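Asks: Sequence:
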Amino acid sequence: MKETSEELSELQRLLDAAYAGSTDHLKAIIHGERKLDATELTKALTGMRTLNLATVTARHEPRISAVDGHFLHARWVFTTSGTAAKARHLRARPAASVSYVDGERIGVFSHGDVEFLTAADPDFQEIEDHLTAHYGSSPSSWGDEIVYCRLQPHWMVGYAFDKAAALGES
Numbered sequence: 001m002k003e004t005s006e007e008l009s010e011l012q013r014l015l016d017a018a019y020a021g022s023t024d025h026l027k028a029i030i031h032g033e034r035k036l037d038a039t040e041l042t043k044a045l046t047g048m049r050t051l052n053l054a055t056v057t058a059r060h061e062p063r064i065s066a067v068d069g070h071f072l073h074a075r076w077v078f079t080t081s082g083t084a085a086k087a088r089h090l091r092a093r094p095a096a097s098v099s100y101v102d103g104e105r106i107g108v109f110s111h112g113d114v115e116f117l118t119a120a121d122p123d124f125q126e127i128e129d130h131l132t133a134h135y136g137s138s139p140s141s142w143g144d145e146i147v148y149c150r151l152q153p154h155w156m157v158g159y160a161f162d163k164a165a166a167l168g169e170s
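Take 1 as the starting number for the sequence shown in UniProt numbering and just add one per residue.
Any given hint could turn out to be false.
Pairs of lysine to aspartate or glutamate residues, derived as DMTMM-like cross-links and limited to a Cα-Cα distance of at most 25 Å, are as follows [said to hold, decoys possible]:
| hint | residue 1 | residue 2 |
| --- | --- | --- |
| 1 | Lys27 | Asp37 |
| 2 | Lys43 | Asp113 |
| 3 | Lys163 | Asp68 |
| 4 | Lys163 | Asp102 |
Ranges of calculated distance between the beta carbons of each label pair, as one might list FRET restraints [said to hold, decoys possible]:
| hint | residue 1 | residue 2 | range |
| --- | --- | --- | --- |
| 5 | His134 | Arg13 | 14 to 20 Å |
| 6 | Glu61 | Thr118 | 27 to 33 Å |
| 7 | His154 | Lys27 | 15 to 21 Å |
| 8 | Lys27 | Ser81 | 36 to 42 Å |
Bear in mind the hints are in silico, worked out from the structure with no lab data behind them. Computed from a prediction, not measured in an experiment: that's the story for all the values here. Heads up, the beta-carbon is just placed ideally off N, CA and C, and yes, glycines get one too.
Produce the entire structure from the sequences given, and follow the hints as far as they go.
Replies: Set out below in structure tokens:
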């Protein structure tokens, strides 16, 4: 958990607003003890998580792919090749959806806009250091056109069928 108290408060507001504006169908699934709050969500998302990333083509056709996601400072961060179709889609149309699902154990669903980070971004070095520590090498060394991306969410919900098990408390 790298989140500051301000980031946790902001994430909690985002989660509360998303849940409040959700459909009755979603509320019938994610309710009470199944809802993850900001602190629980950041605890459950420690480490790398394989994300499903949904983008849209120029013809407005949906595409889904997988990326290694890291939840840092209450935002999903991932890298990919700058030549990948998902990178082209996101450059032209930054709106994206991201989900992390581990069976019925946990589900986190986010919608937002992806921003491309460069070494000039004030958060870049911390992200680079985190990823390098995780992988044992810098993603920048994996190819000539590696891009660093961060989802700025405008909607997010988190679900755990058995919260204690999902948080490693059972």
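Asks: Each of the hints needs a verdict: does it hold here or not?
Replies: The hints, checked one at a time:
no., hint, in the structure
1, Lys27 x Asp37, "15 Å, holds"
2, Lys43 x Asp113, "23 Å, holds"
3, Lys163 x Asp68, "23 Å, holds"
4, Lys163 x Asp102, "13 Å, holds"
5, His134 x Arg13: 14 to 20 Å, "29 Å, violated"
6, Glu61 x Thr118: 27 to 33 Å, "29 Å, holds"
7, His154 x Lys27: 15 to 21 Å, "19 Å, holds"
8, Lys27 x Ser81: 36 to 42 Å, "39 Å, holds"
Hint 5 alone, counting from the list given before, is not met by this structure.
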